[in-house]
Structure formats: C-alpha cells, structure tokens
Amino acid sequence: MPQMLPEYMGYDRTIAVFSPDGRLFQVEYAKEAVKKGTTSIGFVFADGVILATVRQTMKLVVPETIEKLFKIDEHIGAVSSGLLADARILADQLRVKAQINRITYEEAMDVWSLAKVLGDRMQFSTVYAGLRPFGVAFLVGGVDSTGAHVIEADPSGTLYEWKAYAIGRGSTVANKIFRDKYKDDMDEKSALKLVIDVIKKVEKTDNLSRALEIAIIRKKDKKLKLLTDEAIRKLL
Amino acid sequence: MPQMLPEYMGYDRTIAVFSPDGRLFQVEYAKEAVKKGTTSIGFVFADGVILATVRQTMKLVVPETIEKLFKIDEHIGAVSSGLLADARILADQLRVKAQINRITYEEAMDVWSLAKVLGDRMQFSTVYAGLRPFGVAFLVGGVDSTGAHVIEADPSGTLYEWKAYAIGRGSTVANKIFRDKYKDDMDEKSALKLVIDVIKKVEKTDNLSRALEIAIIRKKDKKLKLLTDEAIRKLL
Amino acid sequence: MPQMLPEYMGYDRTIAVFSPDGRLFQVEYAKEAVKKGTTSIGFVFADGVILATVRQTMKLVVPETIEKLFKIDEHIGAVSSGLLADARILADQLRVKAQINRITYEEAMDVWSLAKVLGDRMQFSTVYAGLRPFGVAFLVGGVDSTGAHVIEADPSGTLYEWKAYAIGRGSTVANKIFRDKYKDDMDEKSALKLVIDVIKKVEKTDNLSRALEIAIIRKKDKKLKLLTDEAIRKLL
Amino acid sequence: MPQMLPEYMGYDRTIAVFSPDGRLFQVEYAKEAVKKGTTSIGFVFADGVILATVRQTMKLVVPETIEKLFKIDEHIGAVSSGLLADARILADQLRVKAQINRITYEEAMDVWSLAKVLGDRMQFSTVYAGLRPFGVAFLVGGVDSTGAHVIEADPSGTLYEWKAYAIGRGSTVANKIFRDKYKDDMDEKSALKLVIDVIKKVEKTDNLSRALEIAIIRKKDKKLKLLTDEAIRKLL
Amino acid sequence: MPQMLPEYMGYDRTIAVFSPDGRLFQVEYAKEAVKKGTTSIGFVFADGVILATVRQTMKLVVPETIEKLFKIDEHIGAVSSGLLADARILADQLRVKAQINRITYEEAMDVWSLAKVLGDRMQFSTVYAGLRPFGVAFLVGGVDSTGAHVIEADPSGTLYEWKAYAIGRGSTVANKIFRDKYKDDMDEKSALKLVIDVIKKVEKTDNLSRALEIAIIRKKDKKLKLLTDEAIRKLL
Amino acid sequence: MPQMLPEYMGYDRTIAVFSPDGRLFQVEYAKEAVKKGTTSIGFVFADGVILATVRQTMKLVVPETIEKLFKIDEHIGAVSSGLLADARILADQLRVKAQINRITYEEAMDVWSLAKVLGDRMQFSTVYAGLRPFGVAFLVGGVDSTGAHVIEADPSGTLYEWKAYAIGRGSTVANKIFRDKYKDDMDEKSALKLVIDVIKKVEKTDNLSRALEIAIIRKKDKKLKLLTDEAIRKLL
Amino acid sequence: MPQMLPEYMGYDRTIAVFSPDGRLFQVEYAKEAVKKGTTSIGFVFADGVILATVRQTMKLVVPETIEKLFKIDEHIGAVSSGLLADARILADQLRVKAQINRITYEEAMDVWSLAKVLGDRMQFSTVYAGLRPFGVAFLVGGVDSTGAHVIEADPSGTLYEWKAYAIGRGSTVANKIFRDKYKDDMDEKSALKLVIDVIKKVEKTDNLSRALEIAIIRKKDKKLKLLTDEAIRKLL
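Protein chains in written order, with this note's numbering: chain A, 1 to 236; chain B, 1001 to 1236; chain C, 2001 to 2236; chain D, 3001 to 3236; chain E, 4001 to 4236; chain F, 5001 to 5236; chain G, 6001 to 6236.
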C-alpha cells in the first residue's frame, strides 16, 4: 500500500484528481490490485519471447479457463496480473483491434502498435471523472519484423519495453533475480529454465504444473505456441 | 462482511472507486448480497451437468414462480444467488442474446460465449460512476460441442469454470464437501446424491421438496430437463 | 424502519449504492413508504382472483377517485400501497403496455408478462445513480390461460406469486391470518368473507364501506368486475 | 416545518432520496412553500364549481396581474398556493396541453385528464436527481360530461378529488370549517356564502375585495366566469 | 442577508434544493445581489411610463455604456439592478425574442408577454441542479394596446405589475415614499418630480446628473424616448 | 484576497453558487488571478486609443512571444492580465468571430459588439456548474465609426467603457494616477507620456524596454500599430 | 510541493475550481508531477535547435522505447517531463494534427501553430469539471521559415518561447546555469557542450550514455536528426 500521510486523506475519493504532490492516487490504488494478482512474466531470449503466468489454483476449478494468458493475434500474446474481469475486457478489445487491422490493412499489427492501443485505453480511464482506472497490468509479448518485444502496460497507461519483467505479487523478488541473472541472447532452454526458477521461487503452490501456463513466440515462425501440460511438467 | 478498518471509512460511498489497497468495495458489498441468497449449485458429472437451487419457501407463495433457475437456451441453464430482481434482468438479457445468436449465425451459442456476455455486462457496472454493481452471482451450466461446463459469474464480472461449485448462503460448507467428495466422471445417480446431500446439509427447510429445483443437461441430447417434483421427492 | 447501526450512517445518502453487508438502503427506505400506505390484498380462490384495497378516508374527499385499485386490462387489475403518485405513473405505463401488446400481437398479455414489465421498470430505478426507487408496491392480479395469479412487485423490482397476500400498513397481521386460514380452492363466498374479515381487523375506519374497494376476476369470463358499494356493504 | 430528528440530518440535501422511514424530504419541504402561500379554495355545489383565491395585497401592486387563478380552458380553471413563478410555468403548460387536445381530438379535455397531466409533471420532478420538486399546489376545478370536479395536485404529484378543499396558509382552519359546514347539493348562493365566510376567517386583509378572486363554472354552460369586483364586494 | 439559523447550514450549498421550511436559498441569495445594485425605478403616470435608473459613477468610466436601462423594443424598455453581466445577457435575449415576434406575427409583443419570457427564463434557472439563478432583477416598462405597464421580474422568476416600484439598494426607502406619495393619474411633470425626489434621497452621488438615466414611453406614440442629459439636469 | 468570514467557508467549493450575501465567490477568486498578472492599460486620447502592457520578463525567454497584447482585427486590439492560457483561448475566439463577421456582413465589427462577444463568453462560464470562470481580464481597445473605445471585460463578464484604465497587479496605483491626471482630448504625445509614467511607477522591472508592449490605434486610419522597440526605448 | 495553509484545505478536491487567492490548485499539483519527471532541455543555437532528454534508466528496460523525445513532424520535435502516458497521448494528437495540416494546406505547420494546438488542448483540461489536467510539460522545438524555436507548454496550457530552458526534476539547477552561461548565436559544438554539462550536473545516473537522448534540427535542412548512441558517448 502506498504510504499515506494524514493530510492526504480525502484526495483519493474522487476520481481523476491530483494530490498536492502530483500523484494520481486512484491510479496508484489500481496498481495495488495488480500487486495482489498472481505473478506474470515476459521474457525475451535469442530466438523469441516467452510469456508465463500462474493461475490461482483452487480445487475443482478448471484451471485452463482462468484467462491470464491471452492470445491476441497469431504473433502476439499477453499475460496479466490483477482483476480478471478487467483483463478479459481489455484483451477482447485488443483481439478485435488486431483483426480489424488485418482486414483494413491486410497485414498484421506490430507489437508496439498493439501495446499503444492498450495503453491509450488505460490512460483514458485515468482522465475522466466518471470512470475508474483498470485494476490490471499486462505484459504484451510478440515477434514482428523489428524483432521480439515484451511491453508492460500498467493502470496509468504507461508503456515500458523490457527484456525480462515480472508483474503481480511475485514481481519484486522476480525482477531482482532477472536483474542478476538475465543475459542477452540466452537460448530457449536456459531462458525457460530461468523463468521456471523464478516462478518456483515466488509462487509456492503445491500444484505448479497445473497452475503454470507458458507460451513461446519464436522468431522463426512468429506464431504463439502454448506449452503442453506435459512439456511444463518436464520443465519443473 | 469484509473486514473494514476505520481508515477505510468513506472509500465505499462513491461507486467505481479503488480503496488504497486496491479493492473495489462496492463490488465486495455486492458479493455480500450474494452470500445472503439461498444456495445454488452447479455440478459436472460424467454425462452432463446438474444445476440445483433452493427457493426461499414462504407459506402461500407459489414456489415455482421464484426464478432462481433459468433456462437460457435449449442446452444452457443458470442458477443464481442474490437479488432476485437483478437475476431476472440479467437472465432475460442472456435469453435474448442466445436467440439473436441462433438467428444471426444459425447455430447455438457455446457455454463460454454466453458466460462472457454475462461477465462483460456485470464488469461494465463496476466501471461507471453512475451505476451500481449487480447484487447477484450465477452458475451458468450447459453442454456444447466442447463438453459439459459450469461457469461462475460473480458481481465483479469474473468468470471461473468449476467441476462442482456452490454460491449463496450455504456455499462455504457446500464447497468444503465438494472438495472432499467430488470425483471425476461420477455417474448421474451418485452425482445427484452428492448434490442432494450437500443441499440437505446447508438448507434446512422443512419443505425441501418444494423449495428445491434441479435441472439436468445430459451430453447425449444437450437439452435442459427440469426434474419433476416427484423425482425430487424420491431423491430426498 | 430497518435497523441501522451507527457505522452504516452515510451509506444511505447516495442512490444505488450497496452498504457493507450487501443491502440497498434506498430500496429498503422505499419499502418503508409502502408500509405506511393503506392495506391492499390479492387473493386466489377456486374460480378466480380477488383484489381488495382500502382508500384513505377523509371527509369531503371523493373516495372513488383515489386510485389504489387499477384496471390494467380486461383481465388484469392491480392494487397498490405506498405513494399514490408513483402508483398512478406505473399503472398508466402498464395500461399502455397492455394495449400495445394487444395491437402488436392481437392477443392479451398474460399476467406474468405484465408483472415483469412492472418489475423491470422498478428494478431499473434501483440501478442508476440519478433516480430514486419507486415508493410503492403492487399486487397484480388476473386470470389468463394458465389460471388465476396474484403477483407482488416491490420497490426492488422483485416479483413473488402468492395465493393470498397483503401489502401496506396492515400486511403483517393480514398475512399471519392468511397463513392460518387460507385453504386451496375456497369458493368465492368464503374467500370474500376471509378477505373482508382480514380488512376489518387491520383497517379500523368508521366508514369502511366507503373506503373499501374490491374487484373480482373470475376464470369463467376473465373480466375484471368491481363490486358495487351496495355489494360491499352487504359483505361487511 | 416537518419534525426533524437529529439522526435525519443530511437526508434532505440531495434530491430525490428517501429517508430511512420512507419519506421524500424534498417533497415535504416543497409542501412547506405551499403552506406559506395565500389561501386558495375549490368548492363543488349543486350546479357547478367555485374557485376562489386570495392575492397578496401590496400597495401599488396591480392585483389583477398576480396570477393565482388560472383559466386553463373554457370549462376548466385552477387556483394555486405557493411559488408564483412555478404556478405560472405549470399553468402555461396545462393551457398548451388543453389546446393541443382540442386540436388533435376535436374535443375538450375532461377535468381528470387535465389534472393527471399536471400530477404527472409534478411527480416527474420528484424522481430525477437533477431537478427540484415544484413549490406549488393546485386545485383544478371544472365541469365536464361527468359532472363538476375539484382536484388537488400537490408537489408530490398526488391527486385527490374533493367536494370542498382549501390549500395554502389558511388551509387548516378552512378545511376544518368545510368538514363541519359542507352539505351536498348546496345552491350557488349558500355555497358562495360559505366560501366567503371561510376566506374572511383565514385571510384577514384590510382590502379583501381587491385581494379576492372568484370564478364559477356552472354545469348549465360549462364556462368559467370570473366574478366582477362589484359582485365580490356585494358578497363580502 | 437573510436570517440564518445554524440548523439551516448546508441547505444552501447545492443548487435548486428546498430548505426544511420551503425556501429556495440560492434564489434568496441571488436577491441579495439585487439589493446591492444601484436603484432602478418604474413608474406609471397618466400618459405613460417612466423608467429611471442610476449608474454606478466612477471617474473616467463612460457612464452611457453602463447598461442598466435597456430598450427592448420600440415600445418597451427595462431597468435592472444586480449583476450587470446577467442583465446584459437577459436583455439581449429579450430583444431577440421581441424581433422574432415582430417577424413571425407581424405585430409587436405586448408588455406582459415579454415579461413572461423573462420570468420563464429566470424560473428555469432555479429548477435545474447545474445552473445558478440570475443575480439580477428587472422592471419591464412599456405601453401597449392594454395601456401602460411596469412589471417586476425577480431572480425566482416571479412577476408583479406595479404602479410605481423601485429595486436595488435604495428600494426599501423608495418604495416607502411611493406608497405615501403615489397618486393615480399623475401628470408627467409631477411624476418625474416624484421619481427624481426619490432618487435624490436614496442615491447620494455627487454627480447624479451623469449617473441618472431616464426613459419615458408615452401612450400617445408608444415610443421609448431617453431624456437628454440636459433635460435630466433641469429636473435635478 | 477577499475578506472571508468563517461562516462563509464552504460556499466557495462548488462552482456557480451564490453565497448568503449574494456574491459569486468563484468569480471573485478568478479576479484574484487577474490581480496577480502584470499590469495592462487602455487609454483614450484625442486621436485614438493606446493599449499598453508589461510582459513578465525572465532571462532567456523570448518576450515577443508572451501574448498579453492581442491584435483582434485591423482596428481592434486587446490587452490582458491574468492567466496567459485563458487569455490566448479567448483572444483566438475573438479573432475568429471578427473574421466571420467580416465574411458574413462584409464589414468590420464595431468595438462594442466585439466586447460583448467576449463578455458573453465569460459570463457563460459563471453560470454552469461544470465550468470554472476565466481567470483573466481584458481591455479591448479600438476605433470604429462611433469613435475610440476602451472596454474592460472582467471574469464575471461585466463590461465597462473607460477613458483610461489599468488592470492587473499595478491597477490600484495606476487608476489612482489616471483619476488625478487624465484630461479629455490629450494629444498622443502627452497621452503616451502619462501611460509610460504610470507603468514606470507600477512595474519596476530592470528591463522595461523589453517588457513593455504598446499599440496605438489612431482615428485617422483605424489601424492597430505596434510601437517598435526603439520607439518604446525613446519614450522611457 | 506548493505551500499550503490550513484554510486552503478542501479547495483542491474538486477539479477546475479557483482558490480564494486565484490559484488553480489542480493545475499546480499537475505541475508537481512534471517536477518529478526526469529532466528535458530545449536549446536554440546559431544554426538550429537542440532537444535533449534523459530517460529513466532501469536495468533490463529497453531505453529506446521510453518515449520522452517525440518526432512530431519532419521539422518539429518535442521533449517532455512528467507522466509518460499523458505525454504519449498528447504527442500522438500533435502528430495527427501535423499530418492533417500537410494534407489540407499542402505545407508544413510552423512551430508556434503546433505549440498552440498543444497549449489549447492542455488548457481545455483545466476548465471542465469532469477532466483532470495533464500531468506533463513539453518543450516543443523546431525550425520553420521564421527561424528556430523552443516553446514550453505546461499543464495550465501556458506557452513560453525560450532560448534555452529545462523542465523536470533538474530544471531549477539547469535553468540557473542557462541564465549564467547562455549566449546568443552559440555554435553547435559549444551549444551541445553546454547542454551536456547541464545534464551531467542534474541527472547523475551511472549510465548516462544510455539514458540520454538528443535531437538536433538544423536551419539548413529543417530536419530532425537523432544523435546516435556513439555520437552521444563521444560528447560525454
């Protein structure tokens, strides 16, 4: 929870209002919703992008149906942390946008264009008094003619491109590890190993093989592929 | 009731606003309305889906007319807990949507598509300052070409698919039993027995045979069938 | 008046907002307006439906013009308790709806369809921040091809079908008597006697013959008939 | 002023909101504006309707121009108590409505239809959060094919038909006298005498002959006639 | 300033809301703005109407350009007290309305019709929550086929016709004198003398001949004529 | 800062609301923004109009680009004090209006017509609850067929025509000097000298020749001419 | 943080409202967001314009993708400090505007016209109650037929043209140095040296060569050129 001095009390009740030191509290509170979500990771390796996320495992739930990893287009995916319903709404809008782009221009959207659509939609919700910010962050990952990209979009609509980045409840620890261990041009195997090691450290569920979801988009075919449960089990 | 520290007082008065720790209070309060409703259950067995709900029994009321179990389409039903009027409004919108889909695409909607319509409508009400969230949750159950599904939609618009799940005032006890006793691929008879046992435990009304409503959608014909009063009496 | 703990103070000032325990206070307050209104009764007997209501008797007022019993269509009526102006507005909307249905589909609306129009309109007013709920409840009574029905619509928009039910200031006592004395398939005479006995008990006005208004819709002709003053006097 | 317990403080600041005991305070406050206005009277006698009102007499004002008695149509008038500007606006809307009815249906509106137009407009202002109620009440009086009618419309939009009724600052005393002295089928002379006696009692202005305005609509010709100043002077 | 008891604190902050005793505070506060303006007078004499107003005299200001006396049409003028900008806006709307009337009906508007346009516009601003009342009052004066008229329009939109009336900071004293001294059918000379005497008493500026503005509309030609500075100087 | 008694606290938080003594606080606070701006002067002399203003001098700023003196049309200019961005927006609207007038009527707008456009726009912002008043005042100066004019428009939208007037932080002192020293029909040289003397007194910047901007519109050609830096330096 | 006396508490919670001393707090708080951003610099030298900015360096982020330096058109760029998402939204609007201008008028926009589009958009957000101000400032730099320009646009929408100016967290120190060291008509080399010296002083990051981004627009070709990483490294 962001530090809150008594004299700030009250600044956070109306939407889209600055506090005296230039902060948008509603946006910061929305980021708290992100920090409570399970961890998601985006990772650029030599030959593509890895997207990984952990689903809340609950007995009797069908984990495959908890959407935290979204296929947006053939060559672009996204992982989210935060409010599941907000994530679903935004991902659906991105899918529609990507399809419209294919139909209108007869070519696929590049990763940054798609991330901007997402960031603009999220920023919009921080400006108008009648709306709340989205309580979710995304890591958009994909491969286009300019290479492999992982782009973070947070509730303020800010976009950062990362080589390796984690969002959600394990992000502090995960990003510390990435800063220590990440190397440029890692091969897929060591990249996957590092991602798995990080997740094991920050998400200590009994049944990680069921909770974990991983997608790889390789430069050679620019197609998002989901790892099978078996493939994931082997990696653990 | 969600725990409420004094310093949070006031965050819950305006709609669609985050609290400092990233919660949407109005949505959580709407969930309290769900917890006060009578219990509803969705259950996947080997050959289909069981939906069960308990109607508030009051002397002289015509129990059949208390809508807690809704037939949405031939192959999809829904049970609800929470505000009855909110449930009716949403169920009517789903029925219309399912019919439009049949007319437009000349095929029936699959269960997840319909659940998303419901979840999107509910999420929408958590975003705009001039609306309150819906005070109701649903378990949408049905059979389509991908199999049998039970999907929960709560006031935040979040969707979870469950093998067996209960909502409403008996949900805590009911879900504990399901976690202990549920087995994959139970036959219809043992599935019904388990559902009935759970309901007997959590809804101790004198006249359960009148209060209870059960629908089965079997994979073989994909048609929602309501159990007759007699059939229910035999099960009890 | 609903019980109100100090910590809830304030939740009731803005419209369409949930309290921490999942209640819609504005709707509950609107129900208090209903409880202050004079008593109205709906009653199903073997051969039809009785609707009865008591008008506030004031000297020099023309009691026939106090609209608490509304003829909605040939075969459907409604009695109300609560704010008279709200009742008039809603009844007029129902009459228009019933006529439109006759013109569009060339057949009369059934009782439940009409009650849903009423419930949906009332629920709508509980959702939007710029509107107050309606401060009135109705008992819609009528006979259609499915039989005789009495359906209650309260300020939340919830609908219950009853065999016998009372709303308004005498409802607690009246409904207790109905629970004790109501029998299925009573004949018209004993039904009227029970209704009259109940009203005498809960509305002790000097001039009950003027205040009382009774309509009967019999299955045989499906036509709402108002009892004449003389007929009512004989019953008292 | 309506009784106001401390715990109710605050319920009255936003418009169109119920208090915990089901009252619409803004509407009750608007009724206080009515009680401050000078007295107006509507009275049904054997052969028609008398409308009487007292204008605030101030030296140098042209009393004829203070509109408290409005001719709405040939056969319908109205007297008001409360905010003069609100009364003028509503009366103008009624006149337009009456003319439109004549043009559209080629017949005059009956008294109750016109009163409902008025009541509906007033009720509307009690429902929406962005409007205040009207601070005025009316007694609509007229003669149509169903006889002579006096209908009260108060700020809530409630309509009551009276044989004799007074609104405004003298209403409590005036209505008490009417309840004692009113007889059905009084002739015009005794009716006028009773109205004048009442007004003399409740409005003790020096110059009552100037302040008083009286209109009679007789059944025989269904035309609103204003009494001349001389006629009024003779009555006093 | 209107008397204000502590328990009323708070009723005056939102617009278009009644206080418990039926007052519209925002309208009363707007009237305070009127009472702060310099005095304006309307006066009916045997052969027409006098409109007089005093402009705030400030050294170096061009007094002719301070619009407190407005020519609305050939035969109608208006003087105002209160906020100058509000007065200008309303007077411009009246001029347009008067011209449209001439074009549409090929005849000039009568004085009362024009005053009603003004009053309706002002009342409108007291009803909607998003608007403030106008902080200005007018005396509309003119001659039409029904004679000479002076009509007051205050911030509530109420209209009173006066034989002689003053608004603004000198109104209390001025109206007291008018009540003592006014006689029907005064000739122009004595009427002007009385108006001037009153103004001298209530507006003690050094340079009254520059501050004072007087218009006369005579019955014989129905044309608004402004007195020249010289004519005014002679009168003083 | 306007004097503010404790009991007024609260009246100034919502826009477009009167205080109990008839003041529009938001407008008065906007005038405080004007008083903080650098001084601007409008001055009528025998043969035309002088507009002068002082720009905030800051090292490295390009002073010519600080718009406080606006050419609105060939024959009309304006100087402003207060918020620079508000001044720019309004001046742009005036320029567009002046051009539209030229195109529509094939003649130039006169000075008062243009000032009214400005005043009306500013008044509008004081009426609606969703807008703040403009934090700027203008002196519109120009020459038309009726002569030379300087018209002040303040945040309330009030318009005053002055022979010589100053707005902004030096206005109190400047206007005192003008009241002492201004003479009608001064020639251009003495007029310029007086304006310069006043500015020197109220704006003690080191680099006045750079900060000062002066325009003259002479009656003989009705064209706004800016003094060159050299011309200004000679005058100092 | 702007100084804040207790009596001002409360003025800052609603948007677009003046404080008693004429300040727009929400705008000042938005400026605090600017002061927290990394430093950006605009600098006019003899032969063109330098735009420099520092990107927040974080390990694993792809610094090139942090947009603080925007190419708006061939000949115009902009650097920003403050909220990144707000900067992106505004820069995209400027690019679209510049393209529309090229298409509509078949010529490039000049620098001031473009800056006004930006300032107007920012001012707009300070006026309406439903919007927050933008939490970002820009230095728009470019070369057009009138020469080289650097124009600051802050959250109020105010525009200043500077010879050399810095915004963001290092602005106080940077601008002090510029005031001491800036000379007119510096050549490109010394200009770049001064800009680099300033940045080194105010942004003490380890990895300045990666964080720093510099663009030059030279008068001779009017084309924005980004310095390569290598070129920047040599300058450091």
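Think of the hints as simulated: they come from the structure by calculation, not from any bench. A few of these clues could be false.
To be verified - Here are the computed lysine to aspartate or glutamate pairs in the EDC-like style, where the Cα-Cα straight-line distance is at most 20 Å:
| no. | chain 1 | residue 1 | chain 2 | residue 2 |
| --- | --- | --- | --- | --- |
| 1 | D | 3059 | E | 4180 |
| 2 | B | 1183 | A | 64 |
| 3 | E | 4059 | F | 5229 |
| 4 | C | 2183 | C | 2206 |
| 5 | A | 36 | B | 1229 |
| 6 | D | 3059 | E | 4120 |
Since we're looking at a predicted model, the values are computed, not measured.
To see whether the hints hold, each was checked on the structure:
Proposed proximity of residue 3059(D) and residue 4180(E) is supported: the alpha carbons are some 10 Å apart, at most 20 Å. This hinted pair checks out: residue 1183(B) and residue 64(A) have alpha carbons roughly 18 Å apart, not beyond 20 Å. Straight-line distance between C-alpha atoms of residue 4059(E) and residue 5229(F) comes to about 32 Å, which puts the hinted pair past the 20 Å bound. Proximity of residue 2183(C) to residue 2206(C) is assessed by CA-CA distance (about 30 Å); at most 20 Å being required, the pair is judged violated.
Taking the CA atoms of residue 36(A) and residue 1229(B), the gap is near 46 Å; set against the 20 Å cutoff, the hint is violated. At most 20 Å may separate the alpha-carbon atoms for a hinted pair to count; residue 3059(D) and residue 4120(E) exceed this at roughly 25 Å.
In summary, the numbered hints that this structure violates are 3, 4, 5 and 6.
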